[in-house]
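Quick mapping for you: the protein sequence lines, in order, are chains A and B. So in our numbering, spot 263 of the first sequence is number 263, and the numbers just go up one at a time. So in our numbering, spot 365 of the second sequence is number 365, and the numbers just go up one at a time.
In case anyone wonders, no lab produced these hints; they're calculated from the structure. Please read all numbers here as calculations on a predicted model, not as lab measurements. Don't take every hint at face value.
Copies of the same chain are indistinguishable here, so a pair counts whether it falls within one copy or spans any two.
[To be verified] With a Cα cut of at most 27 Å, we get these calculated DSS-like pairs of lysine-lysine: (1) Lys55 - Lys312; (2) Lys131 - Lys278; (3) Lys55 - Lys38; (4) Lys278 - Lys38.
Listed here are the chains, written in short residue letters.
2 protein chains.
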Amino acid sequence: MVYSKMSDEELLKLEGELEKKYREYLGLGLKLDISRGKPATAQLDISDGILEALKPGDCRSESGFDCRNYGLGDGLPEMKRFFSGFTGVPEKNIIVGGNSSLQLMYDAMVRCMLYGTVGSERPWCEVKGRKWLCVVPGYDRHFAITESLGFEMINVDMKEDGPDMDAVRRLVKDPDVKGIWCVPKYSNPTGNTYSDEVVRELASMECAAPDFRIFWDNAYAIHDLADKGDSLADIFAEAEKAGHEDRIFYFTSTSKVTYPGAGVAMIAASAANLALIKSIMNVQTIGYDKLNQLRHIRFFRDADAVSAHMRKHSEIMRSKFDAVLNGFSAIKDCGIAEWTNPRGGYFISLDVMDGCASEVYRLCKEAGLTLTGAGATFPYGRDPRDRNLRIAPTYCGEEEVGTAIGILVTVIKLVSVRRILADRKTA
Amino acid sequence: MVYSKMSDEELLKLEGELEKKYREYLGLGLKLDISRGKPATAQLDISDGILEALKPGDCRSESGFDCRNYGLGDGLPEMKRFFSGFTGVPEKNIIVGGNSSLQLMYDAMVRCMLYGTVGSERPWCEVKGRKWLCVVPGYDRHFAITESLGFEMINVDMKEDGPDMDAVRRLVKDPDVKGIWCVPKYSNPTGNTYSDEVVRELASMECAAPDFRIFWDNAYAIHDLADKGDSLADIFAEAEKAGHEDRIFYFTSTSKVTYPGAGVAMIAASAANLALIKSIMNVQTIGYDKLNQLRHIRFFRDADAVSAHMRKHSEIMRSKFDAVLNGFSAIKDCGIAEWTNPRGGYFISLDVMDGCASEVYRLCKEAGLTLTGAGATFPYGRDPRDRNLRIAPTYCGEEEVGTAIGILVTVIKLVSVRRILADRKTA
Numbered sequence: 001m002v003y004s005k006m007s008d009e010e011l012l013k014l015e016g017e018l019e020k021k022y023r024e025y026l027g028l029g030l031k032l033d034i035s036r037g038k039p040a041t042a043q044l045d046i047s048d049g050i051l052e053a054l055k056p057g058d059c060r061s062e063s064g065f066d067c068r069n070y071g072l073g074d075g076l077p078e079m080k081r082f083f084s085g086f087t088g089v090p091e092k093n094i095i096v097g098g099n100s101s102l103q104l105m106y107d108a109m110v111r112c113m114l115y116g117t118v119g120s121e122r123p124w125c126e127v128k129g130r131k132w133l134c135v136v137p138g139y140d141r142h143f144a145i146t147e148s149l150g151f152e153m154i155n156v157d158m159k160e161d162g163p164d165m166d167a168v169r170r171l172v173k174d175p176d177v178k179g180i181w182c183v184p185k186y187s188n189p190t191g192n193t194y195s196d197e198v199v200r201e202l203a204s205m206e207c208a209a210p211d212f213r214i215f216w217d218n219a220y221a222i223h224d225l226a227d228k229g230d231s232l233a234d235i236f237a238e239a240e241k242a243g244h245e246d247r248i249f250y251f252t253s254t255s256k257v258t259y260p261g262a263g264v265a266m267i268a269a270s271a272a273n274l275a276l277i278k279s280i281m282n283v284q285t286i287g288y289d290k291l292n293q294l295r296h297i298r299f300f301r302d303a304d305a306v307s308a309h310m311r312k313h314s315e316i317m318r319s320k321f322d323a324v325l326n327g328f329s330a331i332k333d334c335g336i337a338e339w340t341n342p343r344g345g346y347f348i349s350l351d352v353m354d355g356c357a358s359e360v361y362r363l364c365k366e367a368g369l370t371l372t373g374a375g376a377t378f379p380y381g382r383d384p385r386d387r388n389l390r391i392a393p394t395y396c397g398e399e400e401v402g403t404a405i406g407i408l409v410t411v412i413k414l415v416s417v418r419r420i421l422a423d424r425k426t427a
Numbered sequence: 001m002v003y004s005k006m007s008d009e010e011l012l013k014l015e016g017e018l019e020k021k022y023r024e025y026l027g028l029g030l031k032l033d034i035s036r037g038k039p040a041t042a043q044l045d046i047s048d049g050i051l052e053a054l055k056p057g058d059c060r061s062e063s064g065f066d067c068r069n070y071g072l073g074d075g076l077p078e079m080k081r082f083f084s085g086f087t088g089v090p091e092k093n094i095i096v097g098g099n100s101s102l103q104l105m106y107d108a109m110v111r112c113m114l115y116g117t118v119g120s121e122r123p124w125c126e127v128k129g130r131k132w133l134c135v136v137p138g139y140d141r142h143f144a145i146t147e148s149l150g151f152e153m154i155n156v157d158m159k160e161d162g163p164d165m166d167a168v169r170r171l172v173k174d175p176d177v178k179g180i181w182c183v184p185k186y187s188n189p190t191g192n193t194y195s196d197e198v199v200r201e202l203a204s205m206e207c208a209a210p211d212f213r214i215f216w217d218n219a220y221a222i223h224d225l226a227d228k229g230d231s232l233a234d235i236f237a238e239a240e241k242a243g244h245e246d247r248i249f250y251f252t253s254t255s256k257v258t259y260p261g262a263g264v265a266m267i268a269a270s271a272a273n274l275a276l277i278k279s280i281m282n283v284q285t286i287g288y289d290k291l292n293q294l295r296h297i298r299f300f301r302d303a304d305a306v307s308a309h310m311r312k313h314s315e316i317m318r319s320k321f322d323a324v325l326n327g328f329s330a331i332k333d334c335g336i337a338e339w340t341n342p343r344g345g346y347f348i349s350l351d352v353m354d355g356c357a358s359e360v361y362r363l364c365k366e367a368g369l370t371l372t373g374a375g376a377t378f379p380y381g382r383d384p385r386d387r388n389l390r391i392a393p394t395y396c397g398e399e400e401v402g403t404a405i406g407i408l409v410t411v412i413k414l415v416s417v418r419r420i421l422a423d424r425k426t427a
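Bound-form chain A, shown alone:
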């Protein structure tokens, strides 16, 4: 039943029923949280072999390097091979970092700010009107970096096959537009994967800034939920073909493969970029934690082990995503919400009626359900249509997810009914 086609009377009756139901939820004193993309405890447990992967007398890399001591600032060769294995990025283009790809991204941005990057006429901190493209809805922590460093952030809509490339092509004609945030596979929060065509265009398009950078955060490279996952084109290969290999900063990590708090991250870039990055990184640190790299290598003996491991993750996660989608099916034909059905990643993106997301967030919060803040998926926390909400079902148990979505659906209905009635009054 499409709500907007219901009579005032029908809507008022429905509102009464929904208010009753909502009050029941209030009385339950629930405390549920589907706000952050955190793996569940059961997911962490499947990596616990890592805790016992190293033994005294067994801390040497393949080449015999003692990973306990200083040295090997750009990481273990075998860890580069590990990342190369599932990203397709050549080992020689990889630097292995610490436990946080976000930190590698922030640090990469800071280097551009203070030193400039390959092709820069001057450090970005001297570019007063520096701008950055943000695919929306997107990842709040990306936007926090560019906000913190004083970029004017420009929204670019996410479409089925990736960012709206008409908008991107137009915007990169401005030389002050220095780059774009991309989560190209199972994007946060929509779950979209960029099409080959979009990847190719991003790699080949003409940019006015000679130092334009794509921050390619392939956080969910191997995080399939469906039996057959999406495939992502190789942006490095495409950029090289177009003579733009310096355009790409490529990131990934094992944060959601092994441990969010104690995984291993990487940055990859062209030879020219890498030389500059290393020369500065070598001032910043003597090296990242190589023992943790070695733990990962010992734990994942080969690519098959990684695939089998990721299947375990998806087995744990899938039922929770199903619980969300099943819950949402109750409002499938109401015309009050749309949501994504991703084949991987950590999120479902939910669009409610324009102007309703903040109110949905507020009423859920009062009923004990924490969602990612309304607006969080947009730069400056401002969703221009106040409609997007990010659903992160992984941390809770399946039953809790069911309860959470029950509350959410009730609240969406209630807020939508009220909105329709209010709109009719002012019309």
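Since chain A is already given, all that's left is putting chain B on it; use the hints.
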């Protein structure tokens, strides 16, 4: 026998003998390295309990937090307590970082550059003539940071009791002087510990820059070689008394307590500084590796365990320092070199005759002995008197250290003889 009092004839004879001996070394095809402050394998072995400190099902902090997952961005409370235990810094002033205190220093400097710090009128990157005080001889990696970030570095001599405070007091009258590097205990490379008086003066002196910062790198806080180690005054307490608590950025790590490549580092600062640091660090990363913090906590059950552990280090290291000092005793009365006799830390600082350090380095290198580069202990790698060399005897075996110092002493003698003869010719 003081070389400068020898006749030309005596010196020429001695030169011939030394050249013969040097040629013998050349023939041995040695490969020795006393260039970096790296712990020996035997020192790493004593920490190997860390490798097995965590078991599946045992990854929770005292408060029950699952250290495998996201969260606790400023570190485990018990790890703060650990650092507080031996630095005397209150737990509430501590942020626990990753495996590298150097990285925390670089990142702290970068934040000052891009955002400014408490008291700043503007970010330091906008202070065109920014300057930094460098106690010399000092730590090359400190100097690399301030060089990389465009500071004009000003040498301040190290005296028996710390930096030349007459010079420091004069220099900080310049508002463009933004700070000073300090290794206050067992300083790199001289091994001096700052006197209480010097610590007090650094904390209380009037600085023209309202955002003057002391980067207090207490890297060797508990690294005694002698039975009774040096004691260092509490700079935080002194700064607080003087109303300058925002002046101090305090760093230390377990790099030379447990593993250089996989220890835990910290930064401590005043409440006002900490609030600013956290607000930016929270953009940079979701958090450092808490599992490694937990490993350290499990391994060191209490302060006594730490003391006992550090005694094991000193037992391994002491004989190597003795080997250096014994070797140097051969040139004790020659008037051609002076060296320090530290009660802790990782280095012995050696001053040869003015203008001779580079040549000593070169001849040692040719004979297969790698020293820290001549000049490395000074900003820009420029030792104005070309006389300082840093001896790092920890990584080699005791016997190798003996051989290395044998070569070094022969080379010092040879270079000194030649220098004296050359000086007489041009006189």
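Classify it for me, Lys131 with Lys278: is the Cα-Cα distance of at most 27 Å met within a copy, between copies, both or neither?
both (26 Å within a copy, 25 Å between copies)
| Quick one: Lys55 to Lys312, C-alpha cut-off 27 Å, is that within a copy, between copies, both, or neither? | Classified as both: same-chain Cα gap 26 Å, cross-chain 21 Å, threshold 27 Å.
Regarding Lys278 and Lys38, is the shortest C-alpha distance of 27 Å or less found within a copy, between copies, in both, or in neither? between (31 Å within a copy, 21 Å between copies)
Check: When no copy is named, should Lys55 and Lys38 be tagged within, between, both, or neither for a Cα gap of at most 27 Å?
Finding: For Lys55 and Lys38, only the inter-copy Cα distance (22 Å) is at most 27 Å; the intra-copy one is 29 Å.
Of the numbered hints listed earlier, not one is contradicted by the structure.
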